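Enquirer: Heads up: the sequence lines are chains A and B, in that order. Going by the numbering used here, the first residue of the first sequence is number 1, and it counts up by one from there. Going by the numbering used here, the first residue of the second sequence is number 1, and it counts up by one from there.
Just so you know, the hints here were simulated from the structure itself, not pulled from any lab data. All values reported here derive from a predicted model rather than from experimental measurement. Just to be clear, a hint being listed does not mean it is correct.
[Said to hold, decoys possible] Residues from chain B that keep clear of chain A, each with C-beta distances beyond 12 Å, as calculated:
hint	residue
1	47
2	177
3	239
4	344
[Stated by the list, open to error] Okay, derived cross-link-like pairs now, DSBU-like style, lysine-lysine, Cα gap no bigger than 35 Å in a straight line:
hint	chain 1	residue 1	chain 2	residue 2
5	A	443	A	41
6	A	88	B	303
7	B	67	A	303
8	B	47	B	396
Cβ atoms here follow ideal geometry from the backbone N, Cα and C, with glycine treated the same way.
Here's the letter readout for the chains.
2 protein chains.
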Amino acid sequence: MTDPHLNDLLEFLRFPSVSTQSVHASDMVACATWIREKFLKIGLEAKICETGGHPAVIAHTVHDPAKRTVLIYGHYDVQPPEPLEEWKSPPFEPEIRDGRIFARGATDNKGQILAHILGMGEILARGETPPVNVTFLVEGEEETGSEHLEAFLESHRAELACDVIVISDTGMAAHAHPTLTYALRGIAALECVLTGPSQDLHSGVFGGAVTNPATALARLVATLHDADGRVAIPGFYDAVQPLADWERQAADALPITEEQLRQLTGVPALAGEPGYSSIERIGARPTVEVNGLGGGYQGEGTKTVLPREAFAKLTMRLVPQQDPATILQLVGDHLKAHCPDTVRIQITGGHCGEAYFMDPNHPDGLAARRALKEVFGCEPSLMREGGSIPIVTTFKNILGADSLLLALASPDCCAHSPNENFPIENFHTGIRLHQAVLRELGKAQELPL
Amino acid sequence: MTDPHLNDLLEFLRFPSVSTQSVHASDMVACATWIREKFLKIGLEAKICETGGHPAVIAHTVHDPAKRTVLIYGHYDVQPPEPLEEWKSPPFEPEIRDGRIFARGATDNKGQILAHILGMGEILARGETPPVNVTFLVEGEEETGSEHLEAFLESHRAELACDVIVISDTGMAAHAHPTLTYALRGIAALECVLTGPSQDLHSGVFGGAVTNPATALARLVATLHDADGRVAIPGFYDAVQPLADWERQAADALPITEEQLRQLTGVPALAGEPGYSSIERIGARPTVEVNGLGGGYQGEGTKTVLPREAFAKLTMRLVPQQDPATILQLVGDHLKAHCPDTVRIQITGGHCGEAYFMDPNHPDGLAARRALKEVFGCEPSLMREGGSIPIVTTFKNILGADSLLLALASPDCCAHSPNENFPIENFHTGIRLHQAVLRELGKAQELPL
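Turn these sequences into a full structure, and let the hints guide you.
Expert: Structural data, given as structure tokens:
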């Protein structure tokens with residue numbers, strides 16, 4: 001092995017840093033220690049910080065108050081590797097096959113964050129001064145919901161102060177296709193439980209004389225959308241902004257066809273809100289989804305009960321300007337208004353998170369796009385993701401900085417799945433991207449807003 | 001204990017004849033042997049018959065070809081007694097409290113069938129010739145679905161030939177209130193499964209672009225009824241006969257108020273098909289009930305999946321003239337017609353059973369009513385039960401005879417539950433009822449049809 005960068009990645013991947021499994025607590029500390037030493041070795045100040053959970057690592061370049069500061073965020077913890085029998089090579093013994101490194105964490109997120117670290121290493125090894133101040137924050141609890149991150153940001157607000165944040169933890173629109181994710185949907189969760197009889201009733205002995213909570217629940221869920229698939233809750237779309245022309249063009253230009261999406265999901269045909277493409281429906285339009293539905297007998301065959309209760313677990317995916325608390329109120333009110341008084345209804349609000357939007361035409365967005373174009377050799381795609389990345393909103397709220405989401409993951413990287421992998425090409429591209437984006441962000445402050 | 005009848009019942013109740021628990025197989029044989037000996041003791045021919053499962057006991061009076069033959073059906077097997085900790089006295093150590101015998105099987109069905117046996121014993125002990133030929137059939141598999149009964153009836157068709165059947169295994173409309181159950185609803189079961197994506201999807205990453213099977217299922221279930229609670233499946237009511245005036249009067253006269261029914265079920269308010277009372281909705285009108293509904297995440301809290309499939313388990317309760325196979329076809333066709341082509345639908349038909357109706361104005365019905373009036377001292381209620389008793393249809397199909405369902409169970413007998421009990425008063429009433437109904441059925445053949 002003559003590539004020292006690749007050697008570093010192989011070492012990093014050998015730590016079984018599974019944050020959710022307590023048996024790996026000492027591996028977490030060992031992995032954090034390794035990162036700190038890597039930072040020291042390339043010439044940064046670095047320290048391990050207690051968080052209340054798994055430690056985080058912070059590193060800094062020498063601070064120049066005349067320069068902007070960029071925070072690079074990543075995480076060294078990984079998903080559990082199970083089911084082990086589905087891995088072609090052991091998850092913590094990285095193996096290179098067909099130009100890809102196979103290991104748990106290869107893409108998510110060790111390969112991506114290490115590319116940034118080594119990118120900085122190259123700058124310093126050349127004896128250059130970085131074009132911006134850089135702070136690295138590498139945490140160990142991302143895969144378990146970054147439980148202690150918010151408090152940590154609060155207590156390290158000054159040390160982590162920055163102008164903009166760079167995160168490589170998203171996916172490219174297609175393999176080797178530069179992609180800037182500029183928006184994420186928010187979320188609001190709600191559970192609705194209908195209760196009728198005081199216990200399960202015999203559906204013969206009582207059926208016909210009482211409202212069946214399962215039937216009532218189904219009828220209630222059926223009021224959430226109109227026949228065309230549009231959300232039918234009054235006020236639901238009130239705060240939603242129309243898509244700008246450039247956004248529709250960007251969505252249209254993404255290298256993902258409707259047929260590819262259909263094959264990826266396995267559905268007989270795609271479907272959704274009229275007037276929007278599937279990409280727009282996923283990234284730019286709010287939804288109401290049933291995540292779970294239940295009531296009565298769940299086993300094999302028949303049991304002639306009239307269930308005492310039934311439930312629906314809903315999540316609303318939100319777009320910018322939609323306030324999660326307002327949406328929860330609207331959905332709850334709608335359900336209550338449509339519920340017959342022959343059953344009792346209970347609504348419980350769950351977790352909420354705001355949508356995120358970072359204008360890719362803002363100078364920092366333009367800087368990121370120039371960097372992506374330089375490194376990949378073609379115009380980057382601008383993508384809105386349908387999922388939520390809560391830390392991005394947390395950063396915005398506490399540090400007041402936007403995040404540039406620069407994808408280094410390929411669509412077939414198998415993050416969270418067996419045989420997770422990272423193309424060596426993406427790793428080297430990431431090392432170059434780090435240097436390019438710092439350079440462009442350094443320029444951005446000189447450009448007029 | 002000076003009451004020999006009560007002594008017999010206590011002995012009978014001490015057998016833990018739980019048909020579904022294989023550990024009790026020898027108790028089943030011992031119990032059947034006890035019944036045979038009881039029959040021999042009162043002066044009948046009797047034998048234990050193999051059925052392929054638990055044995056049945058058949059007994060006969062001396063046959064007189066000039067007389068009609070009445071088959072008395074009952075069962076000696078009982079429900080499991082669990083949960084044992086909820087019994088005030090052990091389930092197989094019968095205890096008398098407040099004029100009731102507490103034991104598993106006290107009402108269902110040992111107390112009721114033994115009343116018939118001892119009623120015959122009294123006739124023979126007085127040296128009388130029974131007014132009709134009587135055959136007793138006491139089986140041991142009623143609580144497990146009478147699995148071998150149909151084949152047994154087929155192979156004993158001649159020996160069990162009869163003009164009419166008497167069964168005491170139903171409930172009185174109110175305590176000490178004579179009740180003839182003259183109709184039972186039929187049943188048709190169906191499962192509907194909707195499948196969309198090839199696996200559970202992330203509801204953020206894909207939500208909005210594919211039909212959610214749980215949402216689609218809810219919308220499908222919502223098409224089964226109209227806003228007023230009437231079944232909305234085309235053709236569903238086609239074969240349903242209007243209720244005769246005497247039936248509506250009989251339903252109205254039942255000693256059960258709407259408020260009592262509401263309290264019994266525990267619902268905030270009763271509800272059902274417009275134009276009918278709750279009693280009519282239960283006994284005389286067909287229904288479509290959801291017995292089970294499921295899809296996606298069933299655990300605590302939130303999991304943001306877009307489920308790959310969702311199911312509904314339905315049973316239709318049917319009234320006379322509704323053909324179960326036709327109804328299954330109608331419901332299946334309706335579901336398929338309303339299912340969007342963006343999900344796949346699979347319909348599986350389950351068990352079926354026809355509704356039962358025995359005109360209580362038929363001479364045998366009138367005979368039963370006279371007997372009930374004589375013994376209880378007031379006009380009997382005529383009741384349609386909402387549940388199904390499949391053996392009644394089996395008897396009708398194989399032996400060609402109708403069943404008179406003469407209730408001896410009180411509404412608070414706790415059949416199938418802890419602290420099952422049988423009022424001693426009902427037991428003695430049953431002994432007298434047996435004699436009265438044989439006398440009246442003996443007369444019935446002399447009356448013009």
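Enquirer: Would you pick out the hints that fail for this structure and give their numbers low to high?
Expert: Violated hints: 4 and 7; rest satisfied.
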